[in-house]
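Below are the chains, spelled out letter by letter.
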Amino acid sequence: MRNDVLADIFRKSLLTRVFEDRFVKLAMEGVVPPLLHPGAGQEVAQIAAIAALKDDDPVLYAHRGTGYMIARGVSMRAMLADCAGRAGGTNNGKGGIMHVVDTSKGIFGESGTLGGGLVISVGMGMAVKKKKTGQVVVHFFGDGGSNRGTFHESLNWAAVQKLPCVYICENNGWAVSVPVSESTAVENIADRAHGYGIPGVIVDGADPAAVMDAVRTAAERARSGQGPTLIEIKAIRLRGHYATDPQDYRADAAEVAKNDPLETLRARVISMGLMTEAEVETLLTECEAEVQQAVEEMQASPPLSPEAAFEDVMV
Amino acid sequence: MRNDVLADIFRKSLLTRVFEDRFVKLAMEGVVPPLLHPGAGQEVAQIAAIAALKDDDPVLYAHRGTGYMIARGVSMRAMLADCAGRAGGTNNGKGGIMHVVDTSKGIFGESGTLGGGLVISVGMGMAVKKKKTGQVVVHFFGDGGSNRGTFHESLNWAAVQKLPCVYICENNGWAVSVPVSESTAVENIADRAHGYGIPGVIVDGADPAAVMDAVRTAAERARSGQGPTLIEIKAIRLRGHYATDPQDYRADAAEVAKNDPLETLRARVISMGLMTEAEVETLLTECEAEVQQAVEEMQASPPLSPEAAFEDVMV
Amino acid sequence: MRTITYAKALNEALDESLQADEDVIIYGCDVGRWGGIFKITGGLQTKYGADRVFDSPISENVLVGAGVGAAVMGLRPVVELQFADFLITAGDEVFFKAGMWRFMHGGAFKVPMVLRLPSGETGAGPEHSACPEAYVMHSPGLLCCVPSTPADAKSLLKQAIQSDNPVMFFEHRRLYQQRGEIDDDAPLIPFGKAAIRREGRHVTIVAWQMMLNRALKAAETLAEEGIEVEIIDPRTLAPFDFDTILTSVKKTGACLVVEEGYRRLGVGAEIGARLFEEALPYLDRPFRRLAIPDVPISSIPALVNRIIPTVDQIVATVREMAA
Amino acid sequence: MRTITYAKALNEALDESLQADEDVIIYGCDVGRWGGIFKITGGLQTKYGADRVFDSPISENVLVGAGVGAAVMGLRPVVELQFADFLITAGDEVFFKAGMWRFMHGGAFKVPMVLRLPSGETGAGPEHSACPEAYVMHSPGLLCCVPSTPADAKSLLKQAIQSDNPVMFFEHRRLYQQRGEIDDDAPLIPFGKAAIRREGRHVTIVAWQMMLNRALKAAETLAEEGIEVEIIDPRTLAPFDFDTILTSVKKTGACLVVEEGYRRLGVGAEIGARLFEEALPYLDRPFRRLAIPDVPISSIPALVNRIIPTVDQIVATVREMAA
Ligand SMILES: Cc1ncc(C[n+]2csc(CCOP(=O)(O)OP(=O)(O)O)c2C)c(N)n1
Ligand SMILES: Cc1ncc(C[n+]2csc(CCOP(=O)(O)OP(=O)(O)O)c2C)c(N)n1
Ligand SMILES: [Mg+2]
Ligand SMILES: [Mg+2]
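Residue numbers (my numbering), protein chains in the order written: chain A, 1 to 315; chain B, 1 to 315; chain C, 1 to 323; chain D, 1 to 323.
The following block holds chain A by itself, in its conformation from the complex (with noise of 0.2 Å):
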């Protein structure tokens, strides 16, 4: 793995992660609705990810967590205008922080039923692969998703078709409240690629070159109409379900907190001398000033009326 990149991908992580705290706490002001699921632990996977596809692959994602979006460049500004109901936002007031979307950035939203993306992700294949555009259709979603229905029809179709999709199954071990040996017979999700007569691969979500190296592989063999890899990224949930869930259900807590990818990614990234512990110091004080910054923009755009409640149903 390349230096820069590794750079990168940390610089990207801490800023998701300045982000979403942020995002927290003017959910806790009132100025957003607290509906973001925070992806704090996740985001270096995510992020990794991302660094392995090329910048038009499409994504999909669910609800966990940002880091698809910062690692694309979508705006932080317009992301937060979703949820405050300002202009310039992505979806216009309709999807809040749900259904955030830029197709330039090859970000192509989500799903609010979970498992819902899986079955468009074939479809969308079914076009790249028709049109040649040589583009890998890519699926985030996580472990208590992949107990859905969709997961069946949705792989094995993408299996017989061979499209170029890559399956990403984030498992953080839980679902909301019911830890995943509760609700899913088998403990590796990778293990179902076998259904499909397709690759099952598992990944440590705090390895970023894992990360990568399992979704290059995964996205040249769907490049090469080889069809599509189940990636599963072994993670783990820091935050609550919700901005403000209680977790009064959780005991491993304490325990998840300690392994927190960012900052093995942190003492990574100082320990190879890529970075000083006082340029990381000047990074994290960067990236609140551009959170910071976003937070002003968005302030500063005018709310939406309340008439677009009516647009955007039909072309």
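Honestly, the hints are just simulated from the structure, not real lab data. Treat each hint with caution, since some may be false.
[As the list claims (entries may be wrong)] Taking lysine-lysine and the DSS-like style, the derived pairs with C-alpha atoms no more than 25 Å apart in a straight line are: (1) A:K54 with A:K25; (2) D:K47 with A:K162; (3) A:K131 with D:K110; (4) B:K25 with B:K54; (5) B:K162 with B:K131; (6) A:K131 with A:K54; (7) B:K162 with B:K130; (8) A:K131 with D:K47; (9) B:K131 with C:K251; (10) C:K250 with B:K130; (11) A:K130 with D:K110; (12) D:K251 with D:K217; (13) B:K131 with C:K158; (14) D:K110 with A:K132.
With chain A held as given, fit chains B, C and D with the ligands onto it using these hints.
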């Protein structure tokens, strides 16, 4: 395998074949609608599977054939009445041949949407487990139906809960006109068991002893609280998808006809000395007479009142 | 008489039903250990054990379908979907399996299951915000409850669990914290019996749940102007107590339906059509409906408030009708 | 002018659309090699290749969902579900994904997909027999076609494929073999324009597809008795041409809706409610609906015929209305 059991499987398979062939004739004559999906080629395995169960193990089936019902002794007269719209049927004109039901014989019906029975089986498994009845819930379905999302959701949750369920997929190579290879990403449906941490077993549908063994093992496993099993029966579809299907999409029909499991079983029963050729002929005549009697009794039953259309909606 | 919240009323109904009948089980995402994302099942797993109150995977199709299967075998499952919208996600299981499994098997089965459906706007966009009662009311084979008060919530939920038919039970999230009196000795409210929440003689309003609250507020303002509205809360949509509406409209000559569902082919459409069928000689003034104007539900309060009927709109509409 | 069947008209529309636009693809169970279980896609795979016309697994959720995904990326998928009922089975994908993917992403996408939905009674029971248009018409974000003649079928299907919005296209199976004239030079029929199939002055009947045929037959009998009905075929239910109905009812003063869907909250409910809202001064006689009386559809002809409106019922109802 005991000889008397084998002979009984032969007898019931022959009766099923005779019954269904007569059904198709009645359909041509306009006595019943042509909605039967003939099970020819699959009866031996269906009946062998039922032979491995206890009489009160509840069975859900899909649309292919009537072997399950004949095996359990459901009245042929009643099944014909269901289709001809006469009194004395099992579903009072509501469901025709698709929804034959006789809970006293453990026949629990069919979902008209493929895969719809899978989800129901899970709840039935939950109930017999909770009530500790010692029953095993058995669901038969086709290869095509196994591509529905309900397969995934059901097998996962049944496995998580270690429900006393046995899933039997009759893979006859076709879903109407679509060969399995074009719709399904794996060669063996049984491989999908891997994604649910349960045993996946493949058996030859022409070998009743093998089918019985597999089902008995699975039922024991289920009864002892170890959870579900997925059994794949490699089957052949001798007839068209429905009674009058021209099968013009199909090149393998003649080839397949050479391997009729009922013929194999007949030869075996004779070669083992369980029956003579003459006894088999007599049995055939008896089956025809039994079917004839069912037809006559059905025709002697009064037609349903059209007002029955309003009954059975709610308790 | 005690005063409790709607949420507590639901919890008590579940608790007492679990207590009364060993065949009652409860499951759904997060309902067990955590007591549900809206905390309606709180404490029940601890009290009744994880074999009667338990969590499920995120698999709405099997959640509902298993309810049918369990019911068929003699249990009384109470299943929670986290958002009422998800009944669409489990469409086959709701409409064909719960609604028709008995029918298509000629009455061989009873399907005593309850599907709990928290409804109403959340700010989480169009898949998490609807009041999709109309789909249910259009479909044969399903009962449908829409309780508006803590007392009704408790009574109807107990009744639903005791029913031998499948019941779609809509709980409005915005009512969870609303308090109301409850009489522990009152008999259970029968299905298909509307409540007259306010008597009046000028205009009949039909409304339930959050819209009932708004109608009641509007009525106060209108009363000050001398306009007396009669407000009818259907309590169950299937069966539907049309007679109470008919009697009222024969008196007032005018009817407004206020609902939080989509307008086109909504509950109001059925009420309007039936009045036109059965009460034409009594209809003095045009029928009116306030409902979501056939656009999906956004995620921003300002936009959402633009499409869900408000107290002001109710007041203005009734004023026009009474003019 | 040529005379062709409704089935042939649909096949021609697909053929010409595949010919005209490389982005059109067709898939569904059995539509490829076999040309569809109702033979509507016959010959198309041979002509356009298996990468444009192809078979699918039995996976209704991904069939519809992939249509949305393909549409979003610039294709124009035409997806067949074998039975219109199955739109319930793919409820999430139909109502939330096709209907709302554009909306919830603030207009970032177009969703030019067509879902072909063969409807009407088959004798195969309640999951294979419905005309579930009402669910679609109740839901925002979807267009809805219900062509009744070969000419309409061809024109509306071509229009649907060219539309940048998702279209639910109901084809009635009982019409497939019906023949009708078609003018190859006629411009495409716009969405939202009803057809007056017969002019009259006593009673307005709204009906489409098989019920339109029955209404037309009934009209002949009634004409012999001096009762002249005006028959309106909406052609599309979303958008819905209410104005044509309004104009007619202002003339006749009486309206009967005949539909093959369930009665409660059906299309007729909406028409009745709107007339009551907008035409009260013109309404001489009570509104009437003939529809399936809110029971699931059986599998025996005698029982099915008891619940689907008949010519005789239409005649009798209009007679009462005109009396
Ligand atoms: C079909 C559906 N069911 C339930 C929900 C409610 N819900 C939202 S997120 C969530 C948990 C998701 O778990 P997982 O997929 O593991 O993602 P994570 O939150 O762990 O990132 C649930 C149950 C939903 N949005 N859609
Ligand atoms: C959800 C659903 N989709 C499609 C159909 C129509 N259909 C009925 S049988 C069948 C083929 C089934 O194939 P398979 O499951 O392999 O069973 P087989 O007919 O081979 O026994 C199809 C497509 C249906 N009934 N339900
Ligand atoms: Mg998770
Ligand atoms: Mg098959």
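Hints, one by one, checked against the model:
1. A:K54 with A:K25: violated, 33 Å
2. D:K47 with A:K162: OK: D:K47 and A:K162 at ~23 Å, within 25 Å.
3. A:K131 with D:K110: The given pair, whose Cα atoms are some 17 Å apart, holds under the 25 Å limit.
4. B:K25 with B:K54: violated, 33 Å
5. B:K162 with B:K131: holds, 15 Å
6. A:K131 with A:K54: holds, 17 Å
7. B:K162 with B:K130: holds, 12 Å
8. A:K131 with D:K47: Satisfied, since the Cα-Cα distance of roughly 19 Å is no more than 25 Å.
9. B:K131 with C:K251: violated, 54 Å
10. C:K250 with B:K130: Not OK: C:K250 and B:K130 at ~53 Å, beyond 25 Å, violated.
11. A:K130 with D:K110: holds, 18 Å
12. D:K251 with D:K217: Cα-Cα ~22 Å, so holds.
13. B:K131 with C:K158: Given pair B:K131, C:K158 holds - Cα atoms ~22 Å apart, limit 25 Å.
14. D:K110 with A:K132: With a Cα-Cα distance of about 20 Å, the restraint between D:K110 and A:K132 holds, given a limit of 25 Å.
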